[in-house]
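J.: Chains as they are written, first to last, in this note's numbering: chain A, 1 to 335; chain B, 336 to 670.
None of these hints come from the bench; they were simulated from the model.
Everything numeric in this text was worked out from a predicted model, so none of it was measured.
Any given hint could be a false lead.
The calculated lysine to any residue pairs, modelled on SDA-like cross-linking and capped at a C-alpha distance of 20 Å, are [as the list claims (entries may be wrong)]:
1. K614/B x K300/A
2. K35/A x G366/B
3. K279/A x T369/B
4. K476/B x K90/A
5. K614/B x I231/A
6. K263/A x R666/B
7. K614/B x H229/A
8. K614/B x Y103/A
9. K35/A x M538/B
10. K370/B x E137/A
11. K263/A x I595/B
12. K279/A x A407/B
13. K35/A x R666/B
14. K368/B x I17/A
15. K279/A x D596/B
16. K279/A x A439/B
17. K33/A x A407/B
18. K33/A x E347/B
19. K7/A x S362/B
20. K370/B x A10/A
21. K170/A x Q200/A
22. K33/A x K342/B
23. K425/B x K279/A
24. K90/A x A439/B
25. K476/B x S396/B
26. K314/A x E137/A
27. K425/B x A104/A
28. K7/A x E367/B
29. K35/A x K342/B
30. K614/B x K90/A
31. K279/A x H559/B
32. K614/B x E137/A
33. K279/A x P621/B
34. K300/A x P622/B
35. K614/B x K170/A
36. K598/B x P287/A
37. K279/A x N409/B
Incomplete in silico selection of chain A near chain B, CB under 8 Å [said to hold, decoys possible]:
38. V71
39. H112
40. L217
For each residue, glycine too, the CB sits at the ideal point set by N, CA and C.
There are 2 protein chains.
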Amino acid sequence: MNNVNIKRLAAELNLSISTVSRALQNSSEIGEKTKVRVRALAKKLNYQPNHYAAGLRKKQSHTIAVVVPEVADNFFSLVIDGIDQVAQTKGYQVLIFLTRDDYAKEVNFIRHLQSGRVDGVLISVSSESRDNNHLHELNQKNIPVVFFDRVFEDIPTAKITTDDYKASYKATKQLISKGCKKIACLAIPENLLISRKRVQGYMDALEDSGLQIDLNLVVHCDNHDEENHKIIHNLIEKYRPDGIFSSVEKLALHTYQSCIDLKIDIPNELKIISFSSLKIAPLLQPPLSTITQPAFEMGKAAAEILFKALQEGKSDLTDDHIEMESEIVLRDSSI
Amino acid sequence: MNNVNIKRLAAELNLSISTVSRALQNSSEIGEKTKVRVRALAKKLNYQPNHYAAGLRKKQSHTIAVVVPEVADNFFSLVIDGIDQVAQTKGYQVLIFLTRDDYAKEVNFIRHLQSGRVDGVLISVSSESRDNNHLHELNQKNIPVVFFDRVFEDIPTAKITTDDYKASYKATKQLISKGCKKIACLAIPENLLISRKRVQGYMDALEDSGLQIDLNLVVHCDNHDEENHKIIHNLIEKYRPDGIFSSVEKLALHTYQSCIDLKIDIPNELKIISFSSLKIAPLLQPPLSTITQPAFEMGKAAAEILFKALQEGKSDLTDDHIEMESEIVLRDSSI
Numbered sequence: 001m002n003n004v005n006i007k008r009l010a011a012e013l014n015l016s017i018s019t020v021s022r023a024l025q026n027s028s029e030i031g032e033k034t035k036v037r038v039r040a041l042a043k044k045l046n047y048q049p050n051h052y053a054a055g056l057r058k059k060q061s062h063t064i065a066v067v068v069p070e071v072a073d074n075f076f077s078l079v080i081d082g083i084d085q086v087a088q089t090k091g092y093q094v095l096i097f098l099t100r101d102d103y104a105k106e107v108n109f110i111r112h113l114q115s116g117r118v119d120g121v122l123i124s125v126s127s128e129s130r131d132n133n134h135l136h137e138l139n140q141k142n143i144p145v146v147f148f149d150r151v152f153e154d155i156p157t158a159k160i161t162t163d164d165y166k167a168s169y170k171a172t173k174q175l176i177s178k179g180c181k182k183i184a185c186l187a188i189p190e191n192l193l194i195s196r197k198r199v200q201g202y203m204d205a206l207e208d209s210g211l212q213i214d215l216n217l218v219v220h221c222d223n224h225d226e227e228n229h230k231i232i233h234n235l236i237e238k239y240r241p242d243g244i245f246s247s248v249e250k251l252a253l254h255t256y257q258s259c260i261d262l263k264i265d266i267p268n269e270l271k272i273i274s275f276s277s278l279k280i281a282p283l284l285q286p287p288l289s290t291i292t293q294p295a296f297e298m299g300k301a302a303a304e305i306l307f308k309a310l311q312e313g314k315s316d317l318t319d320d321h322i323e324m325e326s327e328i329v330l331r332d333s334s335i
Numbered sequence: 336m337n338n339v340n341i342k343r344l345a346a347e348l349n350l351s352i353s354t355v356s357r358a359l360q361n362s363s364e365i366g367e368k369t370k371v372r373v374r375a376l377a378k379k380l381n382y383q384p385n386h387y388a389a390g391l392r393k394k395q396s397h398t399i400a401v402v403v404p405e406v407a408d409n410f411f412s413l414v415i416d417g418i419d420q421v422a423q424t425k426g427y428q429v430l431i432f433l434t435r436d437d438y439a440k441e442v443n444f445i446r447h448l449q450s451g452r453v454d455g456v457l458i459s460v461s462s463e464s465r466d467n468n469h470l471h472e473l474n475q476k477n478i479p480v481v482f483f484d485r486v487f488e489d490i491p492t493a494k495i496t497t498d499d500y501k502a503s504y505k506a507t508k509q510l511i512s513k514g515c516k517k518i519a520c521l522a523i524p525e526n527l528l529i530s531r532k533r534v535q536g537y538m539d540a541l542e543d544s545g546l547q548i549d550l551n552l553v554v555h556c557d558n559h560d561e562e563n564h565k566i567i568h569n570l571i572e573k574y575r576p577d578g579i580f581s582s583v584e585k586l587a588l589h590t591y592q593s594c595i596d597l598k599i600d601i602p603n604e605l606k607i608i609s610f611s612s613l614k615i616a617p618l619l620q621p622p623l624s625t626i627t628q629p630a631f632e633m634g635k636a637a638a639e640i641l642f643k644a645l646q647e648g649k650s651d652l653t654d655d656h657i658e659m660e661s662e663i664v665l666r667d668s669s670i
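Next up, chain A with everything else stripped away, as it sits in the complex (with noise of 0.2 Å):
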């Protein structure tokens, strides 16, 4: 065993603890000297960093942060309800971010994050997502990392997910029964896993209904409102769709609007189903027919899962993969 701990690194350097974990971090917030010292003694007593001092260095923030592409949508701003909840009976402060869908603005945060201001990072990943070296990092700096909804499959941590190809399936097979044969879809940028999973259900729904799949009625939509709304309305105008499986509820929004503006009438003309947390569905003209996720037990999990490895003083989690049930909730637009 080696018993050179930080601890007794800092009594040698006469140094407060904090100052000689940052300085083995090269955090920017130390000074050369101090870190050429504090380097010098490590490597001479061969210190080795142990998952206790990093508990100990945790300790001092008891704030995690949680990463979400935005809060206008419903379903992460009853996410974030659920981990607040469990992270308030902890006595931990969340802090949240918003990536705005921007990659950019994600890696930048995250890297952000490493300088030990959090305990522990929640995050649902940014659209734009493509390498995830700035998640790697994280892991590599002790803060533990739980995934939900849009997720990262080849980081080895917790997931929460819901059942996305299931109950996109279903949601399709429910226009097909009310007798739609020209179902669009209306997803999110493709490097998401949920987006692909969402599509797939759609066109499997289609294929096993013996209708074909027109990718012309396929449109994939990012995080500009007003290009949305042109992309929306136009795929409506030009291919008259007579059926709408939104995997985003601001984009069956931004349906319900076009139909306004085109004079479609939902359901008799176009039949609609969403992916919507939105609580106020039922009072929507016509009342949204829903596949609604479990949000608020999503974040409440996760936080769970993030709140028992920082008690543990556990930074790497086991790759455990919930997957948790979506409700279908049918409503006059799609009758």
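Given the coordinates of chain A, work out where chain B should sit on it, guided by the hints.
T.: Quick look at chain B alone, frame taken from chain A:
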């Protein structure tokens, strides 16, 4: 002129500037021995903190905090969008913190911020806020604060609000002009200035039109959804108002739900107008008349004032009060 600055203290003590700075702020991250050494030298050389030094320290975080009661309300999510847009051009990170109208949470978080993890704070205070020492302390730590929407009047700093009294007066007059004689008011807690202003506008409009004020028709709601729903349901069931002036979005949506439950027709049996930034107000059944605050612009304006102060190294902001105009958008719910 006294030429002793943090840099000189750091050089003489062979410590980093940031360690000296934190030691002087009595940060828990710095060991006692170091603090004693730093304080002793600071006293000996008669060190006086100055704004420039504060500026130096602050350059490290490049982060601002936005403190809001909630994000599920569209007003706050739009304000955050406005703040975010400005922050992005300045290369700053935006951290969001939700108080959920919980005074203790607000105080805890603000105290947490004092350790220098943010350069500035934009805040809409929690409903239950009573004493503002925690905000005064931020000022003392040279962290500038800008208020928006929900302000503390007696803290001398920049404040952005809207014309709450005038807009409420006009909206209530609108209901009266459509024949309403028994108008209820859905208010938020009285300890918020905007709440009192909105209720006053409602009351003055009634009085000026020769209508009697019935305090049974004025209800104060808080942050508990279920409780709010009950209050509104009972109000409508028991007193059968023919008009409702709602001072926040969520209370209008509870009214819609209650009217469905009670089989009351909007607008024929009850007309309603509400403060709201709900983009989908036109998609509701019936479309909701709104008092729409320039939420995005308020966020931008608040952020611009804060960044100007940060750029100039100022932490004491002028006690400027900017009042922006809300727009009344009439739709079918009040015809």
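J.: Hint by hint, say whether it matches the structure.
T.: Structure-based check of each hint:
{"no.": "1", "hint": "K614/B x K300/A", "result": "29 Å, violated"}
{"no.": "2", "hint": "K35/A x G366/B", "result": "17 Å, holds"}
{"no.": "3", "hint": "K279/A x T369/B", "result": "54 Å, violated"}
{"no.": "4", "hint": "K476/B x K90/A", "result": "28 Å, violated"}
{"no.": "5", "hint": "K614/B x I231/A", "result": "19 Å, holds"}
{"no.": "6", "hint": "K263/A x R666/B", "result": "18 Å, holds"}
{"no.": "7", "hint": "K614/B x H229/A", "result": "13 Å, holds"}
{"no.": "8", "hint": "K614/B x Y103/A", "result": "26 Å, violated"}
{"no.": "9", "hint": "K35/A x M538/B", "result": "66 Å, violated"}
{"no.": "10", "hint": "K370/B x E137/A", "result": "32 Å, violated"}
{"no.": "11", "hint": "K263/A x I595/B", "result": "26 Å, violated"}
{"no.": "12", "hint": "K279/A x A407/B", "result": "10 Å, holds"}
{"no.": "13", "hint": "K35/A x R666/B", "result": "65 Å, violated"}
{"no.": "14", "hint": "K368/B x I17/A", "result": "12 Å, holds"}
{"no.": "15", "hint": "K279/A x D596/B", "result": "16 Å, holds"}
{"no.": "16", "hint": "K279/A x A439/B", "result": "28 Å, violated"}
{"no.": "17", "hint": "K33/A x A407/B", "result": "48 Å, violated"}
{"no.": "18", "hint": "K33/A x E347/B", "result": "13 Å, holds"}
{"no.": "19", "hint": "K7/A x S362/B", "result": "18 Å, holds"}
{"no.": "20", "hint": "K370/B x A10/A", "result": "15 Å, holds"}
{"no.": "21", "hint": "K170/A x Q200/A", "result": "12 Å, holds"}
{"no.": "22", "hint": "K33/A x K342/B", "result": "14 Å, holds"}
{"no.": "23", "hint": "K425/B x K279/A", "result": "36 Å, violated"}
{"no.": "24", "hint": "K90/A x A439/B", "result": "15 Å, holds"}
{"no.": "25", "hint": "K476/B x S396/B", "result": "14 Å, holds"}
{"no.": "26", "hint": "K314/A x E137/A", "result": "16 Å, holds"}
{"no.": "27", "hint": "K425/B x A104/A", "result": "15 Å, holds"}
{"no.": "28", "hint": "K7/A x E367/B", "result": "14 Å, holds"}
{"no.": "29", "hint": "K35/A x K342/B", "result": "18 Å, holds"}
{"no.": "30", "hint": "K614/B x K90/A", "result": "36 Å, violated"}
{"no.": "31", "hint": "K279/A x H559/B", "result": "15 Å, holds"}
{"no.": "32", "hint": "K614/B x E137/A", "result": "39 Å, violated"}
{"no.": "33", "hint": "K279/A x P621/B", "result": "17 Å, holds"}
{"no.": "34", "hint": "K300/A x P622/B", "result": "34 Å, violated"}
{"no.": "35", "hint": "K614/B x K170/A", "result": "29 Å, violated"}
{"no.": "36", "hint": "K598/B x P287/A", "result": "16 Å, holds"}
{"no.": "37", "hint": "K279/A x N409/B", "result": "13 Å, holds"}
{"no.": "38", "hint": "V71", "result": "4 Å, holds"}
{"no.": "39", "hint": "H112", "result": "6 Å, holds"}
{"no.": "40", "hint": "L217", "result": "23 Å, violated"}
Hints 1, 3, 4, 8, 9, 10, 11, 13, 16, 17, 23, 30, 32, 34, 35 and 40 from the list above are not met by this structure, while the remaining hints are.
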